[in-house]
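**Student:** Each chain, letter by letter, is given below.
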Amino acid sequence: MALTVSAQRIPYLKALVHLAALYPLINLYYTAIDDRLGADPVEAVIHFTGIGALNLLLISLLISPAAKFFKMGFLIQFRRIIGLYAFTYAVCHLLNFLSFEVQFDLQLFVDEIFERPYITVGMTAFLFLLALAVTSTAKVRRKMKRKWQTLHNFSYLIGLLVVIHFYWSVKSEIIEPLIYIAIYALLMALRHQKLRGWVKKIRPR
Amino acid sequence: MLIKTTTHSSCKEHQITDEKVYFERRDMLKKMGFFGAGALLSGTAGASVFDIFSDDQPTAIFKQNALKYSPAGDYNGTLTPEAKVVSHNNFYEFGAQKHQPAELSQGFKVNPWQLKISGEVENPLTLDHDDLYSSFDLEERIYRLRCVEAWSMVVPWIGFSLADLVKKAKPTSKAKYLAFETLHDPQQMPGQRSRRLGGGIDYPYLEGLRIDEAMNPLALMSVGLYGKTLPPQNGAPIRLVVPWKYGFKSIKSVVGIKFVEKQPPTTWNILAANEYGFYANVNPAVDHPRWSQASERRITTGGIFAQNRIATLPFNGYGEEVAGLYSGMNLRKYY
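Here the protein sequences line up with chains A and B, keeping their order. The first sequence begins at 1 in this note's numbering and counts up one residue at a time. The second sequence begins at 1 in this note's numbering and counts up one residue at a time.
For reference, chain A alone in the conformation it holds in the complex (with noise of 0.2 Å):
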């Protein structure tokens, strides 16, 4: 199956791709501050623009593998503009914990993050995913060069970094968690052969 979508279509996809990224995004606040979000909105836009980020970076490490499976090319085109929404909704997330749960008592952000093991690891991630971000354009990718891809090789990393937080955040119900897990595990299983030739240059047989 190869299918083939014309250089004019793509701005219109784009636009569907930002319309499908914002309106939950606004939806979600505009609920919140008007408090029909539940009896915990605070809860509520703290999860769901977790899981909001975790979802649409596992659909950006889902774009190369199904571009190569179904010789469907353009969607690489699609992986900046999910990877930048990804870290969109991870800003969200950071913010929110910082504005509303904490509400920029900076010294608990501060002790939160150090103290507790499963918001340094989503710390950690989201640093990576903002080098990401900021070395996205096509201007630094030219001026990059190799270590570009380098680089943005850590979004393997971040995923890891993320199904972890996800997993230790929660008090007993960790299915979900564990599905997710299982879903990375096998994103990264479709680039075995990658995965392994770096084993391979890290421990020459």
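Heads up, a few of these hints could be off.
[As the list claims (entries may be wrong)] Covered by chain B, according to a simulated footprint, are these stretches of chain A (three or more residues, beta-carbon under 8 Å):
| id | stretch |
| --- | --- |
| 1 | 103-114 |
| 2 | 135-147 |
| 3 | 172-178 |
[To be verified] Some, not all, of what chain B presents toward chain A, calculated at C-beta under 10 Å:
| id | residue |
| --- | --- |
| 4 | Asn65 |
| 5 | Gln97 |
| 6 | Lys98 |
| 7 | Trp151 |
| 8 | Arg196 |
[As the list claims (entries may be wrong)] Far from chain B, by Cβ distances over 12 Å, these chain A residues were calculated:
| id | residue |
| --- | --- |
| 9 | Ile46 |
| 10 | Ser64 |
| 11 | Ala67 |
| 12 | Phe70 |
| 13 | Leu84 |
| 14 | Ser99 |
| 15 | Pro117 |
| 16 | Leu151 |
| 17 | Met188 |
| 18 | Ala189 |
| 19 | Leu195 |
| 20 | Val199 |
| 21 | Ile202 |
Hints were generated in silico from the structure; no laboratory data involved. Please read all numbers here as calculations on a predicted model, not as lab measurements. Even for Gly, the Cβ is constructed at its ideal location relative to N, Cα and C.
Position chain B relative to chain A; hints supplied.
**Tutor:** Using the frame of chain A, we list chain B on its own:
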């Protein structure tokens, strides 16, 4: 043993949405949500955000009855609105997400009910449904409820002192602890049927108190809130309320209280002993391993911009009444 008889007043089968159908439909929607364009919609924001869930409202709403009780005096503070008290619940028997108990419990049957008081007592007794409301004088008490997850509410409960029940049962000299048990009825409680929905807990839910804690005047057996009988999501028909302890100690839908000699096993302690102790007294100085307990978010009104973060007080502010129970105990060790 719980003996079940059908009475004319109980809810008829055809009047409620079959929970199995109801749950499976929801489950299906969620599974679909993991993939494709709907991926963003899955997760936790819940029914109010997206219209695709809007037909998931239960068809039968649980009927709460008005209660006769002596009202509490004036309270200078803000109560958590009733709508939030009955829609934001940790009651994993009806689903581990906060909005699920209110949605999945509306067909719950509380009549007939039997609360069995047994064990090391001279006067074992069983309270039937009607006895829960008539055996003791009911009074309203406005208590702060502090969840171990660092949110809190202020709730006007109605009930009677646990101490009155203990006195009626006449504990023997061997009775050192009380072991509480929630109803185990997977037919009615979907979280007990599905590990995913029930948060991976082994049921029935168990809790316990030391007998001197149970005798403290603050310990309440609650049968109502906001002037009416309890709705299922808040622990109908009868639950414990121990306001100086984290919320998970205040066990819901109680069917058994057994007086025992040794400290009884308790559900969250079995699940993660390093995170949840037997005592579980509210203590801002002892953090949960994964989050701070120094402050809390008080749930009232106002959406996400409500500035509601307040300092957590030792024993949830009830130190004057209960601190004496723990004198000489290392509360870091016995958290």
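**Student:** Provide an ascending list of the numbers of those earlier hints which the structure does not satisfy.
**Tutor:** The structure conflicts with hints 2, 4, 9, 14, 15, although it agrees with all the remaining ones.
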